[in-house]
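Q: Here is how the chains run, residue by residue.
2 protein chains.
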Amino acid sequence: MQTLQVELGERSYPIYIGANLLVQPALFSRHIAGKQVAIVSNETVAPLYLESVKQALAGFDVTTVILPDGEAFKGWETLQLIFDGLLTARHERSTTVIALGGGVIGDMAGFAAACYQRGVDFIQVPTTLLSQVDSSVGGKTGINHPLGKNMVGAFYQPNAVLIDTSTLNTLPARELSAGLAEVIKYGLICDEPFLTWLEANVDALRKLDQAALTEAIARSCAAKAKVVGADERESGVRATLNLGHTFGHAIETHMGYGVWLHGEAVAAGTVMALEMSCRLGWITAAERDRGIRLFIRAGLPVIPPEEMTAEDFLTHMAVDKKVLGGRLRLVLLRQMGEAVVTGDLPREILDATLVADYRAMVEHLED
Amino acid sequence: MQTLQVELGERSYPIYIGANLLVQPALFSRHIAGKQVAIVSNETVAPLYLESVKQALAGFDVTTVILPDGEAFKGWETLQLIFDGLLTARHERSTTVIALGGGVIGDMAGFAAACYQRGVDFIQVPTTLLSQVDSSVGGKTGINHPLGKNMVGAFYQPNAVLIDTSTLNTLPARELSAGLAEVIKYGLICDEPFLTWLEANVDALRKLDQAALTEAIARSCAAKAKVVGADERESGVRATLNLGHTFGHAIETHMGYGVWLHGEAVAAGTVMALEMSCRLGWITAAERDRGIRLFIRAGLPVIPPEEMTAEDFLTHMAVDKKVLGGRLRLVLLRQMGEAVVTGDLPREILDATLVADYRAMVEHLED
Numbered sequence: 001m002q003t004l005q006v007e008l009g010e011r012s013y014p015i016y017i018g019a020n021l022l023v024q025p026a027l028f029s030r031h032i033a034g035k036q037v038a039i040v041s042n043e044t045v046a047p048l049y050l051e052s053v054k055q056a057l058a059g060f061d062v063t064t065v066i067l068p069d070g071e072a073f074k075g076w077e078t079l080q081l082i083f084d085g086l087l088t089a090r091h092e093r094s095t096t097v098i099a100l101g102g103g104v105i106g107d108m109a110g111f112a113a114a115c116y117q118r119g120v121d122f123i124q125v126p127t128t129l130l131s132q133v134d135s136s137v138g139g140k141t142g143i144n145h146p147l148g149k150n151m152v153g154a155f156y157q158p159n160a161v162l163i164d165t166s167t168l169n170t171l172p173a174r175e176l177s178a179g180l181a182e183v184i185k186y187g188l189i190c191d192e193p194f195l196t197w198l199e200a201n202v203d204a205l206r207k208l209d210q211a212a213l214t215e216a217i218a219r220s221c222a223a224k225a226k227v228v229g230a231d232e233r234e235s236g237v238r239a240t241l242n243l244g245h246t247f248g249h250a251i252e253t254h255m256g257y258g259v260w261l262h263g264e265a266v267a268a269g270t271v272m273a274l275e276m277s278c279r280l281g282w283i284t285a286a287e288r289d290r291g292i293r294l295f296i297r298a299g300l301p302v303i304p305p306e307e308m309t310a311e312d313f314l315t316h317m318a319v320d321k322k323v324l325g326g327r328l329r330l331v332l333l334r335q336m337g338e339a340v341v342t343g344d345l346p347r348e349i350l351d352a353t354l355v356a357d358y359r360a361m362v363e364h365l366e367d
Numbered sequence: 001m002q003t004l005q006v007e008l009g010e011r012s013y014p015i016y017i018g019a020n021l022l023v024q025p026a027l028f029s030r031h032i033a034g035k036q037v038a039i040v041s042n043e044t045v046a047p048l049y050l051e052s053v054k055q056a057l058a059g060f061d062v063t064t065v066i067l068p069d070g071e072a073f074k075g076w077e078t079l080q081l082i083f084d085g086l087l088t089a090r091h092e093r094s095t096t097v098i099a100l101g102g103g104v105i106g107d108m109a110g111f112a113a114a115c116y117q118r119g120v121d122f123i124q125v126p127t128t129l130l131s132q133v134d135s136s137v138g139g140k141t142g143i144n145h146p147l148g149k150n151m152v153g154a155f156y157q158p159n160a161v162l163i164d165t166s167t168l169n170t171l172p173a174r175e176l177s178a179g180l181a182e183v184i185k186y187g188l189i190c191d192e193p194f195l196t197w198l199e200a201n202v203d204a205l206r207k208l209d210q211a212a213l214t215e216a217i218a219r220s221c222a223a224k225a226k227v228v229g230a231d232e233r234e235s236g237v238r239a240t241l242n243l244g245h246t247f248g249h250a251i252e253t254h255m256g257y258g259v260w261l262h263g264e265a266v267a268a269g270t271v272m273a274l275e276m277s278c279r280l281g282w283i284t285a286a287e288r289d290r291g292i293r294l295f296i297r298a299g300l301p302v303i304p305p306e307e308m309t310a311e312d313f314l315t316h317m318a319v320d321k322k323v324l325g326g327r328l329r330l331v332l333l334r335q336m337g338e339a340v341v342t343g344d345l346p347r348e349i350l351d352a353t354l355v356a357d358y359r360a361m362v363e364h365l366e367d
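Residue numbers (full-length UniProt numbering), protein chains in the order written: chain A, 1 to 367; chain B, 1 to 367.
There's no promise every hint is true.
[Claimed, not checked] Computed beta-carbon distance windows for the label pairs: (1) A:W197 with B:S94: 35 to 43 Å; (2) A:Q55 with B:R327: 28 to 36 Å; (3) B:E307 with A:S29: 42 to 50 Å; (4) A:G59 with B:L147: 20 to 28 Å; (5) B:E338 with A:T44: 52 to 60 Å; (6) B:R327 with A:E10: 25 to 33 Å.
[To be verified] Cut-off 20 Å, straight-line C-alpha distance, at most; resulting in silico cross-link-like pairs (SDA-like, lysine to any residue): (7) B:K35 with A:G343; (8) B:K35 with A:L328; (9) B:K54 with B:A19; (10) B:K35 with A:R329; (11) A:K54 with A:A72; (12) B:K140 with B:A230; (13) A:K226 with A:K54; (14) B:K140 with A:R93; (15) A:K35 with A:R93; (16) A:K149 with A:G70; (17) A:K35 with B:L328; (18) B:K140 with B:A218; (19) B:K140 with A:G343; (20) A:K226 with A:T214; (21) B:K149 with A:L328; (22) A:K149 with B:R93; (23) A:K149 with B:A89; (24) A:K140 with B:R93; (25) B:K149 with A:T88.
These are computed hints drawn from the structure, not numbers from a lab.
Backbone N, C-alpha and C define an ideal beta-carbon position, used for all residues, glycine too.
Only chain A is shown next, with the shape it has when bound in the complex (with noise of 0.2 Å):
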């Protein structure tokens, strides 16, 4: 077992990261400071490890909820089942929230302990490599709204994440890919070692190979606690963890959430920022196609669907977060390892980068 601290001042939590975590009560317990506990979880991971966690907790007066999964649930429909449930077993403030599952389940378990009663603690067991390398650090937990995701939440920080790894011994491959492609995105924004670390074990992540998931996952964690730490608000430094998100977003966005996974996107995006990166003159082609095939190794789509036009793209960009007093922002990469966020945009690179040949870059790279 690895163990990360996060540190910010009185609200610092440690990340625990290993195989078969969920069986040792100890974990759960010593950062359980009441009688109740509430655990939320959805029909996909309860079935999984609902009693491995339940056992964990013998002896606390443990409430369970069981939320419909997908993206589509988040919203303030099954958020209000949390609460429903919470009220119904008479949680006073002294309860802990346990979120068991990924990330949309860490995003609304940990908003309802934002929100209850003004805030009650909360740990997290994210069951995906995504949730478990992104949601783990930074506080980000909410829901949609109709007209946007992610619009509505708190900044909240667990009181402990238990990540184990053995939880993704039953993830869909397709998700394991799709966590990866934010693994490999913490070594394009900060960290170039770890890219020819992870060049090195992209094989051995993808068998599921549990030394080196503790080890992906733990680097992982604490590139983005370095960013966050440096920003915990999301001013700077902080939103150059939104590599390949602006443009990833409009794909998910276009194509309708689900089709795409978030990773999937992501990916895609990144390989648009990599290009843009490549047109500023900031990093060589060269580097680019060592992003990118370290994309395709990982299972991921490198090349955004054809179906999108450059004014598809403009238009869901318009409507992201990251755009200022109405200016575009960019997040792209200084060098491999150094990511920068940036409105300084000439237009003509970015249209090229939307209308970029990505299918010729990469039949180039087969070659």
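Take the given structure of chain A and dock chain B to it, following the hints.
A: The following block gives chain B in isolation, referenced to the frame of chain A:
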């Protein structure tokens, strides 16, 4: 105009108190960082003051969201109207939400500001005496749930509070008295000299003397800021602000929300707390009567509903948020001007307090 600085480190903010502040553009503009502003008000307050505020905000990009009036609408459906308004007008993270109204508007607009894109700027313009002295300090925001009041919310600090005492000219006399209940409470819990000041000025306050109102509001906010500053997250001393509220909530719940105004229930509830403090030997009967007399002069009820039995009180109090680990805790007066929170409650004294003859107490006063 008086200005009170609420000291909360980097989240410190000023409270401006005085007559005709709404028509002073500089008081708003110095606290608005972007171009976009959303005014949240209700159907009762908007016809009176919305135009003044909009004029003071000339030059900003202003969206207005007018909600139905009343505690009955303090729920998610109404809160959604704020998010709908913000998103439809494409408000960005740099927007500022302005709450123009009483406590319900402040709680809902503040919670919307806390959650919209995980937090935007917020200015409070409370237009009732209760909200001016209660909601201006402390950062409590939130909504009701069908299973409990204020069960969903956030601690969120405003960037500034503008208290225009002229708005009290349109406040119904019954609501002015209800606000005075909280004003008197501050004297009882932590400022004995303020009780003496109130005894000399309560008639001027009821006659809407603007200088007296400014002074009473400033001293109330200062008292609350002192208590909250010592304990921002409400674990210890902050709970003394709930003097009379445990009994009062029981009255409100039993009678049905809105039958007794909150301040009215707090007045009668505080008389019960005075009686219990007296039975514990902490204050004298004369001191208890001093409190009762002041509430009566402020136009407030001091006798709990005669239809409520001891059993009714106990039932309602068992679901109060101040129940920790299943144990009832009450705010009582150790002496006039000094409240304490205690769970050390002799059952026979609690029972005697619940069945005491408050009508006789008041009749005795009038001798």
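Q: Please go over all the hints and tell whether each is borne out by the structure.
A: Okay, the hints, checked on the actual structure:
{"no.": "1", "hint": "A:W197 with B:S94: 35 to 43 Å", "result": "holds (39 Å)"}
{"no.": "2", "hint": "A:Q55 with B:R327: 28 to 36 Å", "result": "holds (30 Å)"}
{"no.": "3", "hint": "B:E307 with A:S29: 42 to 50 Å", "result": "holds (47 Å)"}
{"no.": "4", "hint": "A:G59 with B:L147: 20 to 28 Å", "result": "holds (27 Å)"}
{"no.": "5", "hint": "B:E338 with A:T44: 52 to 60 Å", "result": "holds (56 Å)"}
{"no.": "6", "hint": "B:R327 with A:E10: 25 to 33 Å", "result": "holds (27 Å)"}
{"no.": "7", "hint": "B:K35 with A:G343", "result": "holds (19 Å)"}
{"no.": "8", "hint": "B:K35 with A:L328", "result": "holds (17 Å)"}
{"no.": "9", "hint": "B:K54 with B:A19", "result": "holds (18 Å)"}
{"no.": "10", "hint": "B:K35 with A:R329", "result": "holds (18 Å)"}
{"no.": "11", "hint": "A:K54 with A:A72", "result": "violated (27 Å)"}
{"no.": "12", "hint": "B:K140 with B:A230", "result": "holds (15 Å)"}
{"no.": "13", "hint": "A:K226 with A:K54", "result": "violated (33 Å)"}
{"no.": "14", "hint": "B:K140 with A:R93", "result": "holds (15 Å)"}
{"no.": "15", "hint": "A:K35 with A:R93", "result": "holds (11 Å)"}
{"no.": "16", "hint": "A:K149 with A:G70", "result": "holds (13 Å)"}
{"no.": "17", "hint": "A:K35 with B:L328", "result": "holds (17 Å)"}
{"no.": "18", "hint": "B:K140 with B:A218", "result": "holds (19 Å)"}
{"no.": "19", "hint": "B:K140 with A:G343", "result": "violated (37 Å)"}
{"no.": "20", "hint": "A:K226 with A:T214", "result": "holds (18 Å)"}
{"no.": "21", "hint": "B:K149 with A:L328", "result": "violated (42 Å)"}
{"no.": "22", "hint": "A:K149 with B:R93", "result": "holds (14 Å)"}
{"no.": "23", "hint": "A:K149 with B:A89", "result": "holds (16 Å)"}
{"no.": "24", "hint": "A:K140 with B:R93", "result": "holds (15 Å)"}
{"no.": "25", "hint": "B:K149 with A:T88", "result": "holds (14 Å)"}
In the structure shown, a violation is registered for the earlier hints numbered 11, 13, 19 and 21, in ascending order.
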